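Build out the structure end to end from the sequences listed, making use of the hints.
Residue numbers (our numbering), protein chains in the order written: chain A, 1 to 358; chain B, 1001 to 1291.
Quick caveat, the hints were computed from the structure, so don't treat them as lab data. Predicted model only: the values in this text are computed from it and were never measured. Among the hints, a few may not be true.
[Stated by the list, open to error] Chain A regions said to be covered by chain B (calculated; three or more residues, Cβ under 8 Å):
| hint | region |
| --- | --- |
| 1 | 26–36 |
| 2 | 55–61 |
| 3 | 69–75 |
| 4 | 312–324 |
[Unchecked claim] Here are some chain B residues the structure puts well away from chain A; computed CB gaps all over 10 Å:
| hint | residue |
| --- | --- |
| 5 | 1015 |
| 6 | 1045 |
| 7 | 1059 |
| 8 | 1076 |
| 9 | 1081 |
| 10 | 1179 |
Just so you know, even glycine gets a beta-carbon here, dropped at the ideal spot from N, CA and C.
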Amino acid sequence: MKPRATTHLLVDTLRVPEIAFSYGVREWEALVWQSRSAELMAQLYVALDKADVLAAAPAAARRHLTIAKTIADKHTAAIESELIALREALEPLGMPVVLLKGAAYCGLQHHASLGRLFNDIDIMVPKHALAAAEERLLWAGWLPSHTSAYDQRYYRNWMHEIPPLEHKHRATVLDVHHTILPPTSGIKPDPKDLFEASIPLSGNLSFFRVLGRADMVIHSACHLFFGEFHKGLRDLHDLHLLLSDFGAEEQFWRDLVARANALNLALPLLDALTQCNRLYHTQVPARVFADLGRLGTSPYPTFLRNWLFEHALRPVHTSAFGWTTWLAHRAVFVRSHWLRMPLPLLLYHLTYKVFFTK
Amino acid sequence: MLSETGLLIPCGPFCVRIRSRLPGLAKELRLLYRDFPVLGEDTFVDFEVQLRSPNLLRKFFRPQISLDCDGRIPFKPLPLTQAFPMLEWGLNWVISSHAHDHLAIHGAVVERNGQCLILAADPGSGKSTLCAALVHDGWRLLSDELTLVRLEDGLVQPIVRPISLKNQSIGVVRALGNEIVLGKVCHDTAKGSIAHVRPPLQSVLSMEQRALPTLLVFPRYRNGASLHSVPEGKAQALLEMTRHTFNFPVLAGAGFEALGRLIDQVRAYRIEYSSFDQVIPEIDRLWLNSP
Chain A
1 MKPRATTHLL VDTLRVPEIA FSYGVREWEA LVWQSRSAEL MAQLYVALDK ADVLAAAPAA
61 ARRHLTIAKT IADKHTAAIE SELIALREAL EPLGMPVVLL KGAAYCGLQH HASLGRLFND
121 IDIMVPKHAL AAAEERLLWA GWLPSHTSAY DQRYYRNWMH EIPPLEHKHR ATVLDVHHTI
181 LPPTSGIKPD PKDLFEASIP LSGNLSFFRV LGRADMVIHS ACHLFFGEFH KGLRDLHDLH
241 LLLSDFGAEE QFWRDLVARA NALNLALPLL DALTQCNRLY HTQVPARVFA DLGRLGTSPY
301 PTFLRNWLFE HALRPVHTSA FGWTTWLAHR AVFVRSHWLR MPLPLLLYHL TYKVFFTK
Chain B
1001 MLSETGLLIP CGPFCVRIRS RLPGLAKELR LLYRDFPVLG EDTFVDFEVQ LRSPNLLRKF
1061 FRPQISLDCD GRIPFKPLPL TQAFPMLEWG LNWVISSHAH DHLAIHGAVV ERNGQCLILA
1121 ADPGSGKSTL CAALVHDGWR LLSDELTLVR LEDGLVQPIV RPISLKNQSI GVVRALGNEI
1181 VLGKVCHDTA KGSIAHVRPP LQSVLSMEQR ALPTLLVFPR YRNGASLHSV PEGKAQALLE
1241 MTRHTFNFPV LAGAGFEALG RLIDQVRAYR IEYSSFDQVI PEIDRLWLNS P
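Written out as structure tokens, the structure is:
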């Protein structure tokens, strides 16, 4: 017998951990599988622990959750020491270095970093300083991992980051950005604005900066809704935690709408807020939805958009997965490329990837 | 059953459900996992592993298979004929990348009287072959590929599964006797020809019994070599074992302490040999000469 489709088991439990008291072994199993495939297992541990539900879990489930939390704590410690190494490499250049996404949450010691896994570290430096930064990083052991001529050209001519670097001893991956979106996407926020609105961290990480609150949310939203949805639920969970925290101040929402308008990114932000609200019940003032709805209009019918995100934002696991989810993931994959590049470039890129890569 | 409800098998500290519609896979599983217990409906399933065609085209044209573990695909697809080795590699991957309450060491481990001998070596050193010979000689098989040492108490957790043999080893082990049951030989894999040995009934029956590590051997098979057996220093053994421990970077400090305790507990030797007749008596001698 195929297990019952338990599409929302994971998000429901993250939102209201107490409902897990009623779970039987089959639900706990599905919870472990889904949170593993969504990379949300340690966050799930944190939520269950806070609600004192962990003791009710079967020993096997508790074991997976506990291991996940231990690993996540090690990731956090590792990120902290990587940041110290980065500071040593980049400090002599005297330029601003902005931490993005997970590294930023970690630097801020925000609870969005609790239980989070870090696949790579994302930083942003001014474009004019890229070459110097790259050279310093090279000397510190960060070597290019994409060495084919095509990949180099792809990143350097078209993308918002240089090819990912990998540390020769520690194998940690570093993405160095010069702006938040691929210039080929047609939307070109001025990085100068982003640097100006950025905030310095405190303590021993005071060398680094993070994006302003509104920019941080908008960047995470763009990253998710312009990309693919492999870690969609996880990224949305990050956004939920950021919004629940920042959103306590009325001023934040006003800044957010104004900023999204100025950067021409109201639509991805609207998508992010809508999906956060749908899945995690994130509190968003009605006025914000109305304002963003006016600013960012989609060329596609609303029902199609809803269908797409609803299906693409499911855990990539058979217990929550059907052919419609598969179709939605394909559609999102195509969409992410479509949004990232104009058609001629897209055709060129796909032709190259299909026929000329080994 | 394999294609519908799936097959539940105990896999060391985990229980894995295998699902597949591939013809031939069930036959190989029936042969090599014959003595394994049938797990009940209420068992907690830790992982679901599926083997299937990566896409419609590859179902018919140069057929391939892909392994999926809870929505993640750890390897590139392989030709259909390599389904069984792929499943075994997949299970190794599942264990070594999730059993982080253990040290996951790339090594074979066998037991006698509640104590165990770990054979750790780089691929191609003859580790599995020696393990198969020791098991044939009466040692209990705990694992031929992955030694799991519990962080909690330093005991080795058995992962009884078929022993994987490569190339010439297949013939060497087959020659040990008729009681050795070998699965189908699978040619042209990334590691050459592969065949699996059915684990002995006695090892399967006692798959819950953990054992205390007391002897650590770094074996090296070299064609024509005369027996060379030397004790290995603690520091060198520790260094070498960090290289053989898959999850050492993941476990960080806790892993270093656990490995340190393991090294303190065992006597370590380095043995070079060219035949079972040399190495097995030597291992027996080292085993009995325990201080």
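Results for each hint:
no.: 1; hint: 26–36; in the structure: holds (count 5)
no.: 2; hint: 55–61; in the structure: holds (count 3)
no.: 3; hint: 69–75; in the structure: holds (count 3)
no.: 4; hint: 312–324; in the structure: holds (count 5)
no.: 5; hint: 1015; in the structure: violated (8 Å)
no.: 6; hint: 1045; in the structure: violated (5 Å)
no.: 7; hint: 1059; in the structure: holds (16 Å)
no.: 8; hint: 1076; in the structure: holds (12 Å)
no.: 9; hint: 1081; in the structure: holds (23 Å)
no.: 10; hint: 1179; in the structure: holds (35 Å)
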